[in-house]
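**Q** Let chain A serve as the given structure and place chain B on it in line with the hints.
Spelled out, the chains give:
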Amino acid sequence: MPSNDAAPKGRAARSSSIDWRTVVVNIAIPLAGMLIALTIGAILLVFLNVNPFDAYAVLMGGAFGSWTGLAQALVKATPLLLVGLGICIAFRASVINIGGEGQIIAGALMAAWWPLQFRSWPGWLLISTTLIMGFLAGSIWGFIPGLLKARLKVNEILSTVMMNSIAAQLMNLLIRGPLIDPAGVAAGTYLAQSERLPANAWLPRLVPQTLLNAGAIVAVILAVVVYIFLWRTTIGYRIRAVGLNPDASRYAGINVPFYQALSLTLAGGFAGLAGVVEVLGVQHRLLEGITGGYGFTGIVAALFGGLHPLGAIPASILFGGLLVGADKMQRAVQVPSSLITAILGLVVLFVVGSSIWSKRWAARRKIEAVKESEAAG
Amino acid sequence: MPVETKAQSKHRLEHVEMRQIVKRFPGVLANSKVDFDVRAGEVHALLGENGAGKSTLMRQLYGLYKPDEGEIIIDGNPVVFHSPADAIRAGIGMIHQHFMLVPTLTVAENVILGLTSKHEPILDLDTVSQKILELSRSYGLKVDPAAFVWQLSVGEQQRVEIIKALYRGASLIILDEPTAVLTPQEVTDLFATLKHMVKEGHALVFISHKLHEVMEISDRVTVLRDGQVIGTRPAKEMTRNDLVKMMVGREMKQIAPQPIRSGPVRLKIENLHTMGDRGTEMLRGINLDIHGGEIVGLAGVSGNGQRELAECLSGLRKVTAGRIELDQMDITSLPLKNRVESGLSYIPEERMRDGAIREFSVQENLFLQDHASPQFTRGIFLDFPRMEAFASKMIREFTVKTPSLDTPVKNLSGGNIQKLIMARELARHPKVLIAAQPTRGVDIGATEYIHERLLMQRDAGTAILLISEDLDEIRTLSDRIAIIYEGNIIGIVDRNEATVEQIGLMMAGISMEEAVHHSA
Numbered sequence: 001m002p003s004n005d006a007a008p009k010g011r012a013a014r015s016s017s018i019d020w021r022t023v024v025v026n027i028a029i030p031l032a033g034m035l036i037a038l039t040i041g042a043i044l045l046v047f048l049n050v051n052p053f054d055a056y057a058v059l060m061g062g063a064f065g066s067w068t069g070l071a072q073a074l075v076k077a078t079p080l081l082l083v084g085l086g087i088c089i090a091f092r093a094s095v096i097n098i099g100g101e102g103q104i105i106a107g108a109l110m111a112a113w114w115p116l117q118f119r120s121w122p123g124w125l126l127i128s129t130t131l132i133m134g135f136l137a138g139s140i141w142g143f144i145p146g147l148l149k150a151r152l153k154v155n156e157i158l159s160t161v162m163m164n165s166i167a168a169q170l171m172n173l174l175i176r177g178p179l180i181d182p183a184g185v186a187a188g189t190y191l192a193q194s195e196r197l198p199a200n201a202w203l204p205r206l207v208p209q210t211l212l213n214a215g216a217i218v219a220v221i222l223a224v225v226v227y228i229f230l231w232r233t234t235i236g237y238r239i240r241a242v243g244l245n246p247d248a249s250r251y252a253g254i255n256v257p258f259y260q261a262l263s264l265t266l267a268g269g270f271a272g273l274a275g276v277v278e279v280l281g282v283q284h285r286l287l288e289g290i291t292g293g294y295g296f297t298g299i300v301a302a303l304f305g306g307l308h309p310l311g312a313i314p315a316s317i318l319f320g321g322l323l324v325g326a327d328k329m330q331r332a333v334q335v336p337s338s339l340i341t342a343i344l345g346l347v348v349l350f351v352v353g354s355s356i357w358s359k360r361w362a363a364r365r366k367i368e369a370v371k372e373s374e375a376a377g
Numbered sequence: 378m379p380v381e382t383k384a385q386s387k388h389r390l391e392h393v394e395m396r397q398i399v400k401r402f403p404g405v406l407a408n409s410k411v412d413f414d415v416r417a418g419e420v421h422a423l424l425g426e427n428g429a430g431k432s433t434l435m436r437q438l439y440g441l442y443k444p445d446e447g448e449i450i451i452d453g454n455p456v457v458f459h460s461p462a463d464a465i466r467a468g469i470g471m472i473h474q475h476f477m478l479v480p481t482l483t484v485a486e487n488v489i490l491g492l493t494s495k496h497e498p499i500l501d502l503d504t505v506s507q508k509i510l511e512l513s514r515s516y517g518l519k520v521d522p523a524a525f526v527w528q529l530s531v532g533e534q535q536r537v538e539i540i541k542a543l544y545r546g547a548s549l550i551i552l553d554e555p556t557a558v559l560t561p562q563e564v565t566d567l568f569a570t571l572k573h574m575v576k577e578g579h580a581l582v583f584i585s586h587k588l589h590e591v592m593e594i595s596d597r598v599t600v601l602r603d604g605q606v607i608g609t610r611p612a613k614e615m616t617r618n619d620l621v622k623m624m625v626g627r628e629m630k631q632i633a634p635q636p637i638r639s640g641p642v643r644l645k646i647e648n649l650h651t652m653g654d655r656g657t658e659m660l661r662g663i664n665l666d667i668h669g670g671e672i673v674g675l676a677g678v679s680g681n682g683q684r685e686l687a688e689c690l691s692g693l694r695k696v697t698a699g700r701i702e703l704d705q706m707d708i709t710s711l712p713l714k715n716r717v718e719s720g721l722s723y724i725p726e727e728r729m730r731d732g733a734i735r736e737f738s739v740q741e742n743l744f745l746q747d748h749a750s751p752q753f754t755r756g757i758f759l760d761f762p763r764m765e766a767f768a769s770k771m772i773r774e775f776t777v778k779t780p781s782l783d784t785p786v787k788n789l790s791g792g793n794i795q796k797l798i799m800a801r802e803l804a805r806h807p808k809v810l811i812a813a814q815p816t817r818g819v820d821i822g823a824t825e826y827i828h829e830r831l832l833m834q835r836d837a838g839t840a841i842l843l844i845s846e847d848l849d850e851i852r853t854l855s856d857r858i859a860i861i862y863e864g865n866i867i868g869i870v871d872r873n874e875a876t877v878e879q880i881g882l883m884m885a886g887i888s889m890e891e892a893v894h895h896s897a
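Residue numbers (the working numbering), protein chains in the order written: chain A, 1 to 377; chain B, 378 to 897.
Since the hints were made in silico from the structure, they are not lab data.
Worth double-checking, as some hints may not be accurate.
[Claimed, not checked] Calculated pairs, SDA-like style, for lysine to any residue (alpha carbon to alpha carbon, straight line, at most 25 Å):
hint, chain 1, residue 1, chain 2, residue 2
1, B, Lys714, A, Ile235
2, B, Lys714, A, Thr233
3, B, Lys695, A, Phe258
4, B, Lys778, A, Phe258
5, B, Lys622, B, Arg817
6, B, Lys695, A, Arg364
7, B, Lys714, A, Thr234
8, A, Lys149, B, Leu711
9, B, Lys787, A, Val154
10, B, Lys410, A, Phe258
11, B, Lys519, B, Leu490
12, B, Lys695, A, Val154
13, B, Lys787, A, Pro246
14, B, Lys695, A, Val352
15, B, Lys787, A, Val352
16, B, Lys770, A, Thr233
17, A, Lys359, B, Pro403
Chain A extracted, bound-state conformation:
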């Protein structure tokens, strides 16, 4: 479960003094966790007769060693962040959304269909309506398990996972049937992909020769919006209250099931946007594997960012970078991709696990403070 203590305080901006020792410790401990994870990963690499230093140089250098590498990392960070924002909302309401994959597909399907219907519209209108429609499609995919939870107490972990399967098979059906690329049919290849979108529906590219697109900017703006939503609005306040203590929320007259369902609906919407950005910004059409596992990795990124929308930004960039680096490492040093997944898993385990040391350190500091006041008094 997400730890709420780890999250920055809602109104941290107003806190007067910063305890630099605490800041340093809070950075040093996760870094130490990461080093331990990489050390264990290195042992695994040695077993496969791979020089771990070479492998890690590729892993890090792949994403953070060049501008194009960084751009690639940001391309992958964008859907991670969008999914992660939804996860922040859902998990803050103590609703576990495992349905990111299906919600991405719902948004992507909308993005592959909508612009084809309104080709003649100007780009800004076409793109913005597609974003909205994709958000709606994803939120419907989140609303269904939300409604089932609110009305029938169906466990959302199970229902969202099942919604993933439904979405995946629905996509398989549609891109082989009604949405299939007419060009592929004409050429007789029958590739399982949708028609290429008109260029006015494409998200503008930010850096030439890369896939980095305006979706990244949209995602960062939305991170700020979600932050304001969660900590500055009445609805966000209720979502957090429901997540922290459903009993007290009920006693305060808050409709707990409604806000649980709402948070799942919003989470679906943000994952849907991730699907739209992948289609409009990267692929320009819908094809198999469009989700890239972002629906799951986004959860990890959000947890890594302390379930805080702004914390999710650096966390998504880190994970985007690791995904890019892992690709390159696989090609450069010839290690099986499952090993890379294992190393990424170790990193998550150790860094998230190391948070317990940060907490113990904080507790020890409090005890020291008491001792000091005893000595003084």
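**A** Okay, now just chain B, sitting in the frame of chain A:
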């Protein structure tokens, strides 16, 4: 650990000492160089307000915590307990405030829980039951070994806990607030048992904050305040006032009985029925009128429908039959939110579970209900400057001690959290207030303040239903006392009319006429 040697343990503790015990928790010095000792054949009471460090001290003796400094000496030998298992082996038992029993198991099964059977892996419940009956005979602890724990009353469950400790050969038994959940009659029975145990040579530690009980049962009293020993004295030499002064560090204000100035009926409860969580009927036709400017105390042993009544009144539980009126308006089927808007306030019994959100700040907790009121919002956005102004005013007015408005409430003491909840519920100037266990687990200073506030609210014309297990509290504050038993109000008496004994009898289900007759 073979069962039979423990039960037949000839080993007896003569003198258990704790010397210079220091225990720190994050942000708190719970015990500061505490000396404490207890001898065979005495009851040593540990008296202090909530948070004074009584339970912490005893948890170290029972091996639940390890002291940071200091030592524990048993009959001259220093010992170190790494877990309760070590303490039990040394002959120490503890009866916790919340019983550690498995409801779906029988008494005998509960007693041997965690012990090794003589014929492992086969349970030998017959021998166990025999031994339980022996213990129950020799100590006057009436208990049926074959009964399921869920069938037992709270008093009976406590007896099972005591037998559990005796069965494990405990020679020193620590009782953590044992009377908190008992009726006056059950307390009398418990004290008889305790006196018997002392005569048998057991050493008893009696943790409490109820003065009259301490003075009745104990040989010596140690008073703790803010983690320090204020003094250890023979109980006979102490008066009630001496003990209060030691506990609080000052004299207490006396709440003077005030004339009743009740107005029209503000809360009308008619023939109210409801079902409990287990599907049994918990309220069976409650009738009660509460006037403006009046406090009605609801007395009763817990589990007789108090919680269900409070939930029905606040709108959290569905009513199966009957009617609730607030100022002549039918609110029987209104949801909680609308009842709050109509002027009902509710201080729930489980403060930390239902009344506040631990991780939320003081300010956020003050706005659990009113965060969406136009006064504190601009559209869907929260108006922080206005909220802050209001929150600081409330904090000052209700003397909530907190480092800042941003402090999470989990860092506040129970008393301060309760004051915060009071502030929130009274700020609306309610027409009707339901206060459930408003001072449970709250220190004396805060209790005093909460009582004053309730009386102020009464004088302001609010109709107050005070639900409490603390009979003293009910008798001090209430204008009228209603006694609830098995979902019925079996008697309503004026404050000055009834004796504690009569109320106690009614709490045990004896009707008002009989109770009066009985005690006359």
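**Q** Against this structure, judge whether each hint is valid.
**A** So, going through the hints one by one against the coordinates:
| no. | hint | verdict |
| --- | --- | --- |
| 1 | B:Lys714 with A:Ile235 | holds, 16 Å |
| 2 | B:Lys714 with A:Thr233 | holds, 19 Å |
| 3 | B:Lys695 with A:Phe258 | holds, 19 Å |
| 4 | B:Lys778 with A:Phe258 | violated, 35 Å |
| 5 | B:Lys622 with B:Arg817 | holds, 21 Å |
| 6 | B:Lys695 with A:Arg364 | violated, 47 Å |
| 7 | B:Lys714 with A:Thr234 | holds, 15 Å |
| 8 | A:Lys149 with B:Leu711 | holds, 24 Å |
| 9 | B:Lys787 with A:Val154 | violated, 31 Å |
| 10 | B:Lys410 with A:Phe258 | violated, 52 Å |
| 11 | B:Lys519 with B:Leu490 | holds, 20 Å |
| 12 | B:Lys695 with A:Val154 | holds, 22 Å |
| 13 | B:Lys787 with A:Pro246 | holds, 16 Å |
| 14 | B:Lys695 with A:Val352 | violated, 43 Å |
| 15 | B:Lys787 with A:Val352 | holds, 24 Å |
| 16 | B:Lys770 with A:Thr233 | holds, 22 Å |
| 17 | A:Lys359 with B:Pro403 | holds, 11 Å |
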